[in-house]
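Peer 1: Now for the letters of each chain:
Protein chains: 2
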Amino acid sequence: MRLSLNQRTTANWTLPEAVAGCVAAGIEAIGLWREPVADVGLETAARMVRDAGLRVSSLCRGGFFTSGDNHADNVAALDEAAALGADVLVLVPGGLADRDIDGARQRVSDAVAALVEPARDRGVRLAIEPMHPIFAADRGVISTLAQAVDIAEAHPSDVVGVVVDTFHIWWEPGVLDQIARAGERILAYQVSDWITPLPADTLLSRGMIGDGHIDFARLTRAVAAAGYLGDVEVEIFNADVWAAPGEEVVATMARRYAELVEPHLTPCAPRSAAQATPPRHTRAG
Amino acid sequence: MRLSLNQRTTANWTLPEAVAGCVAAGIEAIGLWREPVADVGLETAARMVRDAGLRVSSLCRGGFFTSGDNHADNVAALDEAAALGADVLVLVPGGLADRDIDGARQRVSDAVAALVEPARDRGVRLAIEPMHPIFAADRGVISTLAQAVDIAEAHPSDVVGVVVDTFHIWWEPGVLDQIARAGERILAYQVSDWITPLPADTLLSRGMIGDGHIDFARLTRAVAAAGYLGDVEVEIFNADVWAAPGEEVVATMARRYAELVEPHLTPCAPRSAAQATPPRHTRAG
Numbered sequence: 001m002r003l004s005l006n007q008r009t010t011a012n013w014t015l016p017e018a019v020a021g022c023v024a025a026g027i028e029a030i031g032l033w034r035e036p037v038a039d040v041g042l043e044t045a046a047r048m049v050r051d052a053g054l055r056v057s058s059l060c061r062g063g064f065f066t067s068g069d070n071h072a073d074n075v076a077a078l079d080e081a082a083a084l085g086a087d088v089l090v091l092v093p094g095g096l097a098d099r100d101i102d103g104a105r106q107r108v109s110d111a112v113a114a115l116v117e118p119a120r121d122r123g124v125r126l127a128i129e130p131m132h133p134i135f136a137a138d139r140g141v142i143s144t145l146a147q148a149v150d151i152a153e154a155h156p157s158d159v160v161g162v163v164v165d166t167f168h169i170w171w172e173p174g175v176l177d178q179i180a181r182a183g184e185r186i187l188a189y190q191v192s193d194w195i196t197p198l199p200a201d202t203l204l205s206r207g208m209i210g211d212g213h214i215d216f217a218r219l220t221r222a223v224a225a226a227g228y229l230g231d232v233e234v235e236i237f238n239a240d241v242w243a244a245p246g247e248e249v250v251a252t253m254a255r256r257y258a259e260l261v262e263p264h265l266t267p268c269a270p271r272s273a274a275q276a277t278p279p280r281h282t283r284a285g
Numbered sequence: 001m002r003l004s005l006n007q008r009t010t011a012n013w014t015l016p017e018a019v020a021g022c023v024a025a026g027i028e029a030i031g032l033w034r035e036p037v038a039d040v041g042l043e044t045a046a047r048m049v050r051d052a053g054l055r056v057s058s059l060c061r062g063g064f065f066t067s068g069d070n071h072a073d074n075v076a077a078l079d080e081a082a083a084l085g086a087d088v089l090v091l092v093p094g095g096l097a098d099r100d101i102d103g104a105r106q107r108v109s110d111a112v113a114a115l116v117e118p119a120r121d122r123g124v125r126l127a128i129e130p131m132h133p134i135f136a137a138d139r140g141v142i143s144t145l146a147q148a149v150d151i152a153e154a155h156p157s158d159v160v161g162v163v164v165d166t167f168h169i170w171w172e173p174g175v176l177d178q179i180a181r182a183g184e185r186i187l188a189y190q191v192s193d194w195i196t197p198l199p200a201d202t203l204l205s206r207g208m209i210g211d212g213h214i215d216f217a218r219l220t221r222a223v224a225a226a227g228y229l230g231d232v233e234v235e236i237f238n239a240d241v242w243a244a245p246g247e248e249v250v251a252t253m254a255r256r257y258a259e260l261v262e263p264h265l266t267p268c269a270p271r272s273a274a275q276a277t278p279p280r281h282t283r284a285g
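The listed protein sequences correspond, in order, to chains A and B.
Taking the UniProt record's numbering, the leading residue of the first sequence gets 1, the next gets one more, and so forth.
Taking the UniProt record's numbering, the leading residue of the second sequence gets 1, the next gets one more, and so forth.
Bound conformation, chain A alone (with noise of 0.2 Å):
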């Protein structure tokens, strides 16, 4: 079972409400946010997440580099992934500050160099994730999956590599080739949909698995044959998802997974029962 709850899916729910319906629901990863970890404080979430038997798939989010020096907090994202037993630290890039796209780009790719060492050191890896250019100018101005391992590259891949999320990248010309020369540097596969007409509010408007445009069988088999052998995670930004109750949502979320996404991640052989439970991406360093 490698679907995990990405916590903004089921954004109404505390940590502990999360980790329950995880576990409620038979799913054995959970993505964490900075925010709702630090509602019950790190200790006790890295306390109860563990003492669930969830693995954590990732921490959202450290990242904003574009505005601002923002290296100490996200140095305090590292320490706290690290806490929370999470080894990828999904990184946001930022939106623009001025009209200057290519020196927000630039700065990018400087605050990540900086952060090699110290996620290095707290043994966390660092995913970039590209987002859709919907979100260029006012939340990040990595575009592309290319881009983002253009930036990735430049630094060793036990450290730094990239998300692959649906949405941001389905639109993507040549993403098959992006993902596979992804390859290791894979750190994180998310999915959700995109959906049209698309919401008023563009923050919000991804859409559940299986209700939009995004054929989820091309991209996880891309994914998959790029060696990618971590946690999926649904994460969905959407006011209806939100309303609905938790256990709906979870319940919707697992059985759309089962159907669109799980078939295709093993390309070669269908999944027996024995590769139930997969080792997590493996660790170069």
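No wet-lab data here; the hints were simulated from the structure.
All C-beta atoms in this analysis are idealised placements derived from N, C-alpha and C, irrespective of residue type, glycine included.
Heads up, a few of these hints could be off.
[Stated by the list, open to error] Partial chain B-side listing against chain A, Cβ under 10 Å, derived:
1) V141
2) I142
3) E172
4) D201
[Said to hold, decoys possible] Reference listing, derived: stretches of chain A covered by chain B, where coverage requires no fewer than 3 residues with Cβ under 8 Å from a Cβ of chain B:
5) 128–134
6) 143–154
7) 195–207
Guided by the hints, dock chain B onto chain A, whose structure is given.
Peer 2: Then chain B, alone, in the frame of chain A:
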């Protein structure tokens, strides 16, 4: 004066009103749309524009290649362009018919190829418009200038080229290189801005130049350096712009154009009065 009023910017104006509005504002070119042209009749429209002494910078739009067979309608659009004295037909690729984005992109390539001979016969050039990935699902599966040039390059440069629209491509990694690569294939340069927060209706989310995040100097210099000598269309889809009186919109547009775009159209030297009426882009054929 290379400023052109794309009819969609003053969507509530009929064709006669738009023609009169251009003349009153000293604007020498207009980007026509098929629907308002049809409202007054093709021959009347052609005569009106000709009598007013306006250049027709482009006709919008053909395309929509991905849903059914629109070849005959596109040939009709080429006939209309020729009758109007427009030597450029803008092609909006069309969105997804199903979840097969690679297939949809191939259908665009194939459909463009089928239009090359009809276009050449009529002396009209085909301008493929790459569209912001926000529209990949429902409007245009060609998502980058790189992709549009890839398709265009399979055909003679005197027949098939691309549209550079700042709204669609401002975020594209490597876009300056792609503009240089496009070179003589740049058949139209359209400007509008990316504003945040994005208006609720994404189709109407374009801002007046200067209101948003786009660096028009950067893109305009690149387009000029690529050799583009044609008109610059202001094309804005925005409910607020449409609700304002057309005269005000045209006045704002002309002022912003003079401030943000025109100074960068001649990168090597300031323009002199003798250069005030540059030639249209040269026809290679």
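Peer 1: Now, for every hint given, state plainly whether the structure supports it.
Peer 2: These are the hints, each one checked on the structure:
For V141 of chain B, the suggested interface contact is upheld, since its CB lies about 8 Å from the closest CB of chain A, less than 10 Å. Because the smallest distance between the Cβ of I142 of chain B and any Cβ of chain A comes to about 8 Å, under 10 Å, the interface hint for this residue holds. For E172 of chain B, the interface hint holds, since its Cβ comes within 10 Å of a Cβ in chain A; the closest pair sits about 7 Å apart. Look at D201 of chain B: its Cβ gets to within about 8 Å of chain A, closer than 10 Å, so that hint holds up.
Counting residues of the region 128–134 of chain A whose C-beta lies closer than 8 Å to any C-beta of chain B gives 3; at least three are required, and the coverage claim holds. Look at the region 143–154 of chain A against chain B: 4 of its residues bring a Cβ nearer than 8 Å to a Cβ of that chain, three or more, so the hint holds. Look at the region 195–207 of chain A against chain B: 6 of its residues bring a Cβ nearer than 8 Å to a Cβ of that chain, three or more, so the hint holds.
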